[in-house]
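Just so you know, the sequences run in chain order H and V. First residue of the first sequence: 1, per the working numbering; consecutive thereafter. First residue of the second sequence: 292, per the working numbering; consecutive thereafter.
In short, the hints are calculated from the structure, not lab data. All C-beta atoms, glycine included, are put in the ideal place defined by N, C-alpha and C. Just to be clear, a hint being listed does not mean it is correct.
[Claimed, not checked] Now the in silico label distances, taken between C-beta atoms and shown as ranges:
{"hint": "1", "chain 1": "H", "residue 1": "Asp145", "chain 2": "V", "residue 2": "Asp439", "range": "23 to 31 Å"}
{"hint": "2", "chain 1": "H", "residue 1": "Gly120", "chain 2": "V", "residue 2": "Glu308", "range": "42 to 50 Å"}
{"hint": "3", "chain 1": "H", "residue 1": "Gly173", "chain 2": "V", "residue 2": "Arg421", "range": "50 to 58 Å"}
[Unchecked claim] Not everything, but these chain V residues come out facing chain H in the computed CB check (under 7 Å):
{"hint": "4", "residue": "Pro293"}
{"hint": "5", "residue": "Ala313"}
{"hint": "6", "residue": "Gly317"}
{"hint": "7", "residue": "Ser412"}
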Amino acid sequence: MKGDISLNPWWAESLLLGHGMTIEEIFERSAALGIDGVDIQESYLGLDPYPDPLRIRVLRRTLAELRLEAISCWFYCDLLGGARVASVDAVIEVVRRYLAIAAEFSSRYLVLANGHTPPGQRPEAGRDMLMRIYEGIAPGADDADVVVCFEAARAGSRFNSPKGALALVKEFGHPRLQMAPDFEAWRRPSQAMPASYAENPGAHQAPPLSIEDFRECLPYSPYVHAKFLEFDQDGDDHNFPTADLLAALRDDDYTHDLSVEYEGWLPEVHPERDPEIEAGKAVALVRRLAG
Amino acid sequence: MPIGSVNCIREGMLGNELVNIAPAAGGHQPIGYRIALRNQFFHGSRPLGWIRRLSVTMDGVTSPEEDIRFALREHVFPIEQVRQTSEIWWQPRELAYLMVRLPGGAAPGPHEVSCHLEVSSFVFTPFVDRNDLYPAIAVELTRTLTTDNDGTALR
Chain H
1 MKGDISLNPW
11 WAESLLLGHG
21 MTIEEIFERS
31 AALGIDGVDI
41 QESYLGLDPY
51 PDPLRIRVLR
61 RTLAELRLEA
71 ISCWFYCDLL
81 GGARVASVDA
91 VIEVVRRYLA
101 IAAEFSSRYL
111 VLANGHTPPG
121 QRPEAGRDML
131 MRIYEGIAPG
141 ADDADVVVCF
151 EAARAGSRFN
161 SPKGALALVK
171 EFGHPRLQMA
181 PDFEAWRRPS
191 QAMPASYAEN
201 PGAHQAPPLS
211 IEDFRECLPY
221 SPYVHAKFLE
231 FDQDGDDHNF
241 PTADLLAALR
251 DDDYTHDLSV
261 EYEGWLPEVH
271 PERDPEIEAG
281 KAVALVRRLA
291 G
Chain V
292 MPIGSVNCIR
302 EGMLGNELVN
312 IAPAAGGHQP
322 IGYRIALRNQ
332 FFHGSRPLGW
342 IRRLSVTMDG
352 VTSPEEDIRF
362 ALREHVFPIE
372 QVRQTSEIWW
382 QPRELAYLMV
392 RLPGGAAPGP
402 HEVSCHLEVS
412 SFVFTPFVDR
422 NDLYPAIAVE
432 LTRTLTTDND
442 GTALR
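Bound-form chain H, shown alone (with noise of 0.2 Å):
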C-alpha cells in the first residue's frame, strides 16, 4: 500500500463520553500508536451551528506538535435526507461550509454519505437528486481543494452501499468526487454481532460484498475505512475478509490512504477490553497486511 494510515480517533468514544478524555488526549495517544494522521470528527468542533474557531485552533496545535495530519473531516451525513427535510439548496451550501472547514484542518478528503432514499419517495428521483447536490458541490471542492468521498458501508443500500456509490460518482464523473468503501460492507455476521445498525436496528441488511465487488470500487477510492471489531490472539479480525482485502490495496495501482478504525469498544461488543490496546492492534494488523 502506498498511502498513509490514519487513525480515527473513534476508537477512544467511550473514554471520551464516559470518563471525559480530551481530544487532544486521544490524538496524544493516537499519535503513540505510529500512525501519520487522524479523521477529525464533526463533534469535535464545538459546532452550534457553526464551528468554534477557538476548538479549530486548539486542534490544528494539537496536531501539528504531534506532527499528525487531519488527514480527513468526517460529517454524520444523509444528503438525500437532507435535501427531504430541508432543501437541496440548504443541503449544498452546508456541504460547501464542511468543506472550508476541511480545507481549514489542510484535509484531503471530506467524507460523507449519500444517504437513503426518504420515505415517500422514489429510488429514482433520489438518484436525480444526488446529480443536483454533486453539481452543488464540486465546485466548492475544487475551491477547497479538497476530495469529498462517499462513505460506502452498507451492502445492500441504493446510494450508501460501495456498489451504488460506485455507480453515482463514475456517472458524475469528477476527480474531487470519490468514494470512501467502508469494510462494514464486507463483514461477516455473526450470532454475536449481527449486521444491525444502531440508527435502523430492524432493517433488513445485504449479505457482504466479494472481494471483486471491492477492486472494481478501488480506482474511485482513493480513502479506505478499514474498520476492526475484535483481534484474536494472532491479531487477526475474522468478522472481515481482512487478509484480502487488504492484499487488494497493497497489490493496487492506484494510491489508497486508509482510514483505520476500531470499533470493538462499543456496549454490545467488547467494553470490557482496553480500546487503546486494539486501536493499536489494527494498526499493527494493516501495516503487517498491507503495508
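Following the hints, position chain V against chain H.
Only chain V this time, still in chain H's reference frame:
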C-alpha cells in the same frame, strides 16, 4: 452509526443529583425538582431539535411533558420548543438539566427516577426533522436518586 442497537454510553448519563427547586419570592414549598442529564450519545454534537420526545418518571408517576423544562447553559425551554430548535446545540459530555414541576418537590429520601428520551434517526446533523419523517430511537435511563436538601437550595 455503529453496529448493534446502542447509541450512547448509558452509564453516567443521568446525574446523581435530585435537587428541589425553591419557589419564587414569597413561596415556601418547592415547586418541583431538577435532575441532570449528560450528553453521552454517539455523534453527540446535535441541535436540540434532534430530541423529539422526552418524559420523566419518578416513583412510577410520569410527569406530563408540559411540566418539564429543558435547561442548557442560560437557555430554558419547554419540550415543545426543544423539538423545534436548530440553532442551539447540545455538545458531547455537556450537562443539561431537566426541571420538573411538582408541587412540594421530591420528598426527602431515595426515588426511582427514569428519563425517557426519543431522538431522531435522521442523520444529517444541522437539520431538524420537525415533521418526524424519520422514526425516533427510544432511550430509557433509570437511576435511584436521593434528595439532599429540603427544597431551599436551588432557585
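(message) Check the structure against each numbered hint from earlier and tell me which ones fail, lowest number first.
(response) Of the numbered hints given earlier, those the structure breaks are 1, 3, 5 and 6, listed in rising order.
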